[in-house]
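Based on the provided sequences and hints, a complete structural model is requested.
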Amino acid sequence: MADIIQLLPDHVANQIAAGEVVQRPASVVKELLENAIDAQAETIKLLVKDAGKTLVQVIDDGVGMSVTDARLSFERHATSKIRSAEDLFQLNTKGFRGEALASIAAIAHVELKTKQEHEEVGTTITIEGSEIVDQDVVVTPTGTSIAVKHLFFNIPARRNFLKSNTVETRHIIDEFQRVALAHPSISFVMYHNGSEVFNLPQSNYRQRIVNIFGPKTNEKLVPVNEDTDVLKISGFVGKPEYAKKSRGEQFFFVNNRFIKSAYLNHAITAAFDGLIKDGTHASYFLNLEVNPQTIDINIHPTKTEIKFDDEHTLYAILRASVKHSLGQFNIAPVLDFDRDANLDTPYDYSNKSASTPTIEVDRSFNPFDAEKSIAPSRSNMGSSSFSGRKPASTSSWEGLYVGMESKGTKSTQDFSEIQFESVESTASLFDDTQMTSKQSSYQLQNKYVLSAIKSGMLVIDQHRAHQRILYEDFLKYITGKDTVSQQLLFPLQIQFSKQEHDIILNLKNDLEYAGFVFQNFEDQMVEIIGLPINVPESEVSIILEQLISDVEHEVPDANFSAADLLAKSLAKSLAIKSGQSLNQTEQDHLVNSLFACKDPNVSPANRPTFITMTVDELDKKFM
1 MADIIQLLPD
11 HVANQIAAGE
21 VVQRPASVVK
31 ELLENAIDAQ
41 AETIKLLVKD
51 AGKTLVQVID
61 DGVGMSVTDA
71 RLSFERHATS
81 KIRSAEDLFQ
91 LNTKGFRGEA
101 LASIAAIAHV
111 ELKTKQEHEE
121 VGTTITIEGS
131 EIVDQDVVVT
141 PTGTSIAVKH
151 LFFNIPARRN
161 FLKSNTVETR
171 HIIDEFQRVA
181 LAHPSISFVM
191 YHNGSEVFNL
201 PQSNYRQRIV
211 NIFGPKTNEK
221 LVPVNEDTDV
231 LKISGFVGKP
241 EYAKKSRGEQ
251 FFFVNNRFIK
261 SAYLNHAITA
271 AFDGLIKDGT
281 HASYFLNLEV
291 NPQTIDINIH
301 PTKTEIKFDD
311 EHTLYAILRA
321 SVKHSLGQFN
331 IAPVLDFDRD
341 ANLDTPYDYS
351 NKSASTPTIE
361 VDRSFNPFDA
371 EKSIAPSRSN
381 MGSSSFSGRK
391 PASTSSWEGL
401 YVGMESKGTK
411 STQDFSEIQF
421 ESVESTASLF
431 DDTQMTSKQS
441 SYQLQNKYVL
451 SAIKSGMLVI
461 DQHRAHQRIL
471 YEDFLKYITG
481 KDTVSQQLLF
491 PLQIQFSKQE
501 HDIILNLKND
511 LEYAGFVFQN
521 FEDQMVEIIG
531 LPINVPESEV
541 SIILEQLISD
551 VEHEVPDANF
561 SAADLLAKSL
571 AKSLAIKSGQ
581 SLNQTEQDHL
591 VNSLFACKDP
601 NVSPANRPTF
611 ITMTVDELDK
621 KFM
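Each residue of the sequence shown is one higher than the one before, counting from 1 in the UniProt record's numbering.
Treat the hints as calculated values from the structure; they're not laboratory data. Keep in mind it's a predicted model, so treat the numbers as computed, not measured. For glycine and all other residues, C-beta sits at the position ideal for the given N, C-alpha and C. Heads up, a few of these hints could be off.
Claimed, not checked - 30 Å max Cα-Cα, derived BS3-like pairs, lysine-lysine:
1) K244 with K277
2) K49 with K260
3) K277 with K163
4) K260 with K245
5) K277 with K45
6) K244 with K577
7) K260 with K447
8) K220 with K323
9) K244 with K232
10) K620 with K598
11) K220 with K49
12) K577 with K277
13) K620 with K476
14) K508 with K476
15) K245 with K149
16) K454 with K323
17) K220 with K244
18) K239 with K323
19) K163 with K447
20) K216 with K508
21) K216 with K307
22) K245 with K454
23) K220 with K447
24) K239 with K260
25) K598 with K621
To be verified - Pairwise CB distance ranges, derived in the manner of DEER restraints:
26) K508 with A605: 48 to 58 Å
27) T313 with E522: 17 to 27 Å
28) N592 with K508: 45 to 55 Å
29) L488 with E522: 39 to 49 Å
30) I132 with I542: 20 to 30 Å
Shown next as structure tokens:
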């Protein structure tokens, strides 16, 4: 039999490797930004066009590369970060595999310009699909500029799997924020389609968080600091009252590298136990410093998962540190009813010694000076002399009986005209109206509504059914543009981050058709003066947060218009929840409204809203 095993060409192997390293334009952004950080850059610029599908360019002022290094950097497993396998456990850089540039060059058009500080001219290299098209000298500033154009040009199937520009831009911003948060000492600038999205100067960690997520974030942060032999923790957690339904503001950094860890996230959740509502998530921005020898980064192509030697110890330290921070800043409640919090010693002053208070004496004060002590009383009391005796009360006990019968006189009031509250009880144990009325529906476990039909029984999921009703109502309002709004007595102001503010701004017209009335959209502040008639004012921020989360994670392609997505999100937020009790009128209205819908069988998420059980099926249960 002939030999059938053959060695794949380099360009094919690079395309296969690119499937793991480069999943979308955001993956390219992550790899290029990390390379710029490893090059000791102080200023990094990111330029994006068409959500990265047309262009992703990163410009830095780092050390640059020589001619040989520039050519060798696009070869597989070519890296300056490690020399042996033992170096994997002493990593102080972002990259180490040497696969990123080779994988990117295999599926895109890449143009590299780089120059070292001591060189007069730099090097430019143009690559298309792993093939070097051109290499020449160029006049360029010190540092490196890499432009990645036409991503997945030679793999159209992968390009078709990309989501809409809105979704891909969201992923790019997520990667940019993660890298920028991990390195506040580096200046970052991001442009999308020629407009500036972020301009982050060099700052401390708290200022970097505020610059990314908005000025209102500053008042939400609680510092967390703990230094042990095993783990060093620094950063911030959000106050419990600012917990959100989405997990957008949760960041773990291990040795300045963003990671995802459900186990460590549970430690934060345990620290906030009892302080936040069910279904909400606390925000945190935490940096963890551990010995590089105790972690393994090389377990996932994206390097966002890390294996720890002793996760249980890290869990305990992290949970205790967060609880300690919440306690020392009086965030967590204390069950001491006799304690006055105003008398507590501030945490920063607990170890300071008390200082001798200064006493000031008015040497000109004379308590026996008649002009100063008696004159004021004479001015108030006329010519009478000053007396320390308490004045007699002008009221007497006779004032309590004004209008009542006095001595020797008859009362003229006719008690026959006075109406007294009847003490006769006319209520019965059972209400006659309830006994005679015919109940058409029943609620089971505050979750399902049971209704009798001719063939048997109908079981309706009240949450899904109400979603379908609200979804069709909102869709009719938005598309028909004939909604009714309720005006607020006082404007409602809600602060958003820059990304959230842009999402709300893009949906402004659809929200107005749904019934929202906006007055101001400046400085990441949204001012609302009108709401849809069935939206309570207390839930507006929750509804908008849910809408932003749905826009970030849904796929608003041709089949999912913005109006449809908005109607789904509002319906999901406002629908009655499982566990909510409904009276008889509400149950009947829910059943009638559901079957008045165009498609009552499924919820907006295409899940069944009801099931039917015939009499024959019930009979079989008793056989």
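Results of checking the hints against the structure:
no.	hint	in the structure
1	K244 with K277	holds (9 Å)
2	K49 with K260	holds (28 Å)
3	K277 with K163	violated (33 Å)
4	K260 with K245	holds (18 Å)
5	K277 with K45	violated (40 Å)
6	K244 with K577	holds (18 Å)
7	K260 with K447	violated (35 Å)
8	K220 with K323	holds (16 Å)
9	K244 with K232	holds (27 Å)
10	K620 with K598	violated (33 Å)
11	K220 with K49	violated (34 Å)
12	K577 with K277	holds (15 Å)
13	K620 with K476	violated (43 Å)
14	K508 with K476	holds (17 Å)
15	K245 with K149	violated (37 Å)
16	K454 with K323	violated (59 Å)
17	K220 with K244	holds (12 Å)
18	K239 with K323	holds (12 Å)
19	K163 with K447	violated (36 Å)
20	K216 with K508	holds (22 Å)
21	K216 with K307	violated (35 Å)
22	K245 with K454	violated (42 Å)
23	K220 with K447	violated (36 Å)
24	K239 with K260	holds (22 Å)
25	K598 with K621	violated (33 Å)
26	K508 with A605: 48 to 58 Å	violated (25 Å)
27	T313 with E522: 17 to 27 Å	violated (48 Å)
28	N592 with K508: 45 to 55 Å	violated (34 Å)
29	L488 with E522: 39 to 49 Å	violated (19 Å)
30	I132 with I542: 20 to 30 Å	violated (54 Å)
Hints 3, 5, 7, 10, 11, 13, 15, 16, 19, 21, 22, 23, 25, 26, 27, 28, 29, 30, counting from the list given before, are not met by this structure.
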